[in-house]
Amino acid sequence: MHLHKFEKIWLVFGMASLALFLLITGFAAFWKGTHPQSHIETIDPQNVEAHEAFKPENLGLQEVADGKYTVNIVASAFNYDFGTDADGKAVKRIRVPKGSTVLFQITTKDVVHGFQVAGTNVNMMVEPGHVSRLETVMKNTGEFTVVCNEYCGVGHHQMFAVVEVYE
Amino acid sequence: MANKNKKQNQTTPKESEISLKGTFISVMLLGVFILALWFGSYALFLSR
Amino acid sequence: MMLKNYNFTKKESRLYMSFMYVTFASLLIGGLMGLLQTLARSGEFQLPFGINYYTILTVHGVILGLVLTTFFIVGFQFALMGKTVGISDKQLKWAWIAFWTMLVGTIMAAVTILVGQANVLYTFYAPLRAHPAFYFGLALVIVGSWIAVFTNFRQLYVWKKANPGQKSPLLAFMVTINMAMWFIASLGVATSVLVQFIPWSLGYAATINVLLSRTLFWYFGHPLVYFWLLPAYMAWYAIIPKIIGGKLFSDSLARLAFILLLLFSIPVGFHHQLTEPGIDPTWKFIQVVLTFMVIIPSLMTAFSIFGTFEVRGRKLGYKGLFGWLRNLPWNDVRFLAPFIGMVAFIPGGAGGIVNASHQMNALIHNTIWVTGHFHLTVATTVILTYFGMAYWLVPHLTGRRLTPKLNKLGIIQTIIWTVGMAIMSTAMHIQGLLGGPRRSAFSNYMGGEQVETWISYQIAQAVGGTILFIGIILMIYIFIQLAFFAPKGVQEFPIAEEEVDAEPTPLILENWYLWIGITIALILFAYTIPVIDIIKHSPPGSIPFDWPIGR
Numbered sequence: 001m002h003l004h005k006f007e008k009i010w011l012v013f014g015m016a017s018l019a020l021f022l023l024i025t026g027f028a029a030f031w032k033g034t035h036p037q038s039h040i041e042t043i044d045p046q047n048v049e050a051h052e053a054f055k056p057e058n059l060g061l062q063e064v065a066d067g068k069y070t071v072n073i074v075a076s077a078f079n080y081d082f083g084t085d086a087d088g089k090a091v092k093r094i095r096v097p098k099g100s101t102v103l104f105q106i107t108t109k110d111v112v113h114g115f116q117v118a119g120t121n122v123n124m125m126v127e128p129g130h131v132s133r134l135e136t137v138m139k140n141t142g143e144f145t146v147v148c149n150e151y152c153g154v155g156h157h158q159m160f161a162v163v164e165v166y167e
Numbered sequence: 001m002a003n004k005n006k007k008q009n010q011t012t013p014k015e016s017e018i019s020l021k022g023t024f025i026s027v028m029l030l031g032v033f034i035l036a037l038w039f040g041s042y043a044l045f046l047s048r
Numbered sequence: 001m002m003l004k005n006y007n008f009t010k011k012e013s014r015l016y017m018s019f020m021y022v023t024f025a026s027l028l029i030g031g032l033m034g035l036l037q038t039l040a041r042s043g044e045f046q047l048p049f050g051i052n053y054y055t056i057l058t059v060h061g062v063i064l065g066l067v068l069t070t071f072f073i074v075g076f077q078f079a080l081m082g083k084t085v086g087i088s089d090k091q092l093k094w095a096w097i098a099f100w101t102m103l104v105g106t107i108m109a110a111v112t113i114l115v116g117q118a119n120v121l122y123t124f125y126a127p128l129r130a131h132p133a134f135y136f137g138l139a140l141v142i143v144g145s146w147i148a149v150f151t152n153f154r155q156l157y158v159w160k161k162a163n164p165g166q167k168s169p170l171l172a173f174m175v176t177i178n179m180a181m182w183f184i185a186s187l188g189v190a191t192s193v194l195v196q197f198i199p200w201s202l203g204y205a206a207t208i209n210v211l212l213s214r215t216l217f218w219y220f221g222h223p224l225v226y227f228w229l230l231p232a233y234m235a236w237y238a239i240i241p242k243i244i245g246g247k248l249f250s251d252s253l254a255r256l257a258f259i260l261l262l263l264f265s266i267p268v269g270f271h272h273q274l275t276e277p278g279i280d281p282t283w284k285f286i287q288v289v290l291t292f293m294v295i296i297p298s299l300m301t302a303f304s305i306f307g308t309f310e311v312r313g314r315k316l317g318y319k320g321l322f323g324w325l326r327n328l329p330w331n332d333v334r335f336l337a338p339f340i341g342m343v344a345f346i347p348g349g350a351g352g353i354v355n356a357s358h359q360m361n362a363l364i365h366n367t368i369w370v371t372g373h374f375h376l377t378v379a380t381t382v383i384l385t386y387f388g389m390a391y392w393l394v395p396h397l398t399g400r401r402l403t404p405k406l407n408k409l410g411i412i413q414t415i416i417w418t419v420g421m422a423i424m425s426t427a428m429h430i431q432g433l434l435g436g437p438r439r440s441a442f443s444n445y446m447g448g449e450q451v452e453t454w455i456s457y458q459i460a461q462a463v464g465g466t467i468l469f470i471g472i473i474l475m476i477y478i479f480i481q482l483a484f485f486a487p488k489g490v491q492e493f494p495i496a497e498e499e500v501d502a503e504p505t506p507l508i509l510e511n512w513y514l515w516i517g518i519t520i521a522l523i524l525f526a527y528t529i530p531v532i533d534i535i536k537h538s539p540p541g542s543i544p545f546d547w548p549i550g551r
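As given, the protein sequences belong to chains A, B and C, one line each in that order. In this text, residue positions in the first sequence follow full-length UniProt numbering: the first is 1, and each later residue adds one. In this text, residue positions in the second sequence follow full-length UniProt numbering: the first is 1, and each later residue adds one. In this text, residue positions in the third sequence follow full-length UniProt numbering: the first is 1, and each later residue adds one.
Pairs of lysine-lysine residues, derived as DSSO-like cross-links and limited to a Cα-Cα distance of at most 27 Å, are as follows:
{"#": "1", "chain 1": "A", "residue 1": "Lys8", "chain 2": "B", "residue 2": "Lys21"}
{"#": "2", "chain 1": "C", "residue 1": "Lys319", "chain 2": "A", "residue 2": "Lys8"}
{"#": "3", "chain 1": "A", "residue 1": "Lys8", "chain 2": "C", "residue 2": "Lys167"}
{"#": "4", "chain 1": "A", "residue 1": "Lys8", "chain 2": "C", "residue 2": "Lys247"}
{"#": "5", "chain 1": "A", "residue 1": "Lys5", "chain 2": "C", "residue 2": "Lys242"}
{"#": "6", "chain 1": "C", "residue 1": "Lys405", "chain 2": "C", "residue 2": "Lys488"}
{"#": "7", "chain 1": "C", "residue 1": "Lys319", "chain 2": "B", "residue 2": "Lys21"}
{"#": "8", "chain 1": "C", "residue 1": "Lys315", "chain 2": "A", "residue 2": "Lys5"}
{"#": "9", "chain 1": "C", "residue 1": "Lys319", "chain 2": "A", "residue 2": "Lys5"}
{"#": "10", "chain 1": "A", "residue 1": "Lys5", "chain 2": "C", "residue 2": "Lys247"}
{"#": "11", "chain 1": "C", "residue 1": "Lys247", "chain 2": "B", "residue 2": "Lys21"}
Over 10 Å on every C-beta distance to chain C, these chain A residues come out as not near it, computed from the model:
{"#": "12", "residue": "Lys55"}
{"#": "13", "residue": "Asn58"}
{"#": "14", "residue": "Gly88"}
{"#": "15", "residue": "Lys139"}
Simulated from the structure, these hints should not be mistaken for laboratory data. Note that beta-carbon positions come from the ideal geometry of N, C-alpha and C, so glycine has one too.
Turn these sequences into a full structure, and let the hints guide you.
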């Protein structure tokens, strides 16, 4: 089989580019720990309250240390449960200061959902029986819409919240 | 003699029959586009 | 060596045309749904008669993604096989059985969706439960396609027996590769539908393993997109050179590219599941590496195509670095439509590399960027190439010809499609990078600046979608003309030949045991351990949910 000289150069260039992409993503993933979220932990979807993080009183935003936060959420069609505020109203907006480290933990009681804090790298599938977990540093200020980005039924587009990052 | 042989070889290489220079430039431009898009996206990913 | 091509009998032509009728009927129905979606999501229009957005979204995905593509591909591939290796009466009968099985399955699934019993989108993720008829319909479509698979295999086998020692015709080889890939891949979704979904939807099984069903779906889901793409590659490698008056760039390299596509299209499904919680990230990365391998044959294809054009142009005496571009038959729609498809594959393919880049997937996962991506790849690259084939295939089958007037309409159609898709797809890509989700009805969410920006891009998508629908109407008109009204005549079935002094093709390229063996080995390598993990560490199964989809 005959390869033209130019085709050889092109294929070497192309494959080297692909190898470079893999090196960069591989280095980031295996040495810096920035794998896409893959928490592996399982849970009984019909009894999520049995898990410490998803007890009703533990839902929503908690400051666990200086500049470190945890956000626990239970998804269900068609709502994100961030717990309730002091007046007993459902929380739909959480606020964290810029530069804080936030751990998002979320699971679902029913069907598959998505959880994306649009405009950030927080983007996870949420599947029954599994806990999705991602820690991130909120680098930029602004109002970020939380959307369910996996189809979960006819009210899918009604599933939302807001994460506000302030200076 | 050796010199002559070399010349003869040069007149019959398969690759220079038809130039593929335009093809080469085209695919390399395509490669540059791929690199630019990938690194652009990666920069956006890192900034978030 | 010149290969003999077979002339179609009336009976054969009727078979191939039947697939085309379903293809273009699907285009009209699915395209209308697409128009309604973009209009509804612009926020400026409401769907009439209380039609649910997700019903039309399901129809759009199933009819265009599964029905149009599968019918065109199976029909087109039957025509390629009939032309290059011939078809016997018995094989013809089996081909008809394949057609009717697929059609009955399609109608079952379509009716179930239209009556609102299957608002589950074309990916039908558990534990949303559609009516069992939806799953039975899908199973029939797959089984029907398998009948076509084995009929195609048989066609090549019979030809090989009759032509001992000869290499198979290039197009027949390519069809066989695509069908082998399709069969191996669809075993995954068939297992999921038959073993998991059907018993569970009927109530015989109380729960379903959601992650396993998704893994089986995506084991099929990525080769599915290559199943769409390979017929376009067949056209680019082996048909377009004839249309521009040239020869094959290289028979061996074309076969090698197809073999690489067979090897690396399947063990890569995890790149659709990168942000899922239950899969080990190391195995995700291994499949990302394999995904990058499947890019290589496309790099080869790019070189071959440019090379075909340049060789032809230079032979005609065009000089300079890009002089050969001037030789190309820009006013021939059989060339122009697939050419635009090739161009669209540059951003389409490059975007695909971004999508598959492990953690970077979080940038775009399930955003409307992805929708923009596959509207470039399948809805431009693939579909414009299919249209480009239809312009000569349909009149060839109906004994008519592509008149200059219809050719001109085809060129206008191609331009309309290009403009509409450029607007729609670009808007989708940008909105996706800004975080806008795919597969969602219009929503203001909680308001704010971010959502306002998304909506402005949704309006642009409605503009693009409307232009595309005009293109669809025009394409349907051209199809009807070519099928029933164009003047009688002879339309060429273009198949490119090798250069007279082409190098012989190495025999190893046709060693099916070897290539299918490596394919299976790669699949076992990529999937065995993670699937055992998924089964061993599976959480309690999921009960079915009917109410979220309005059942």
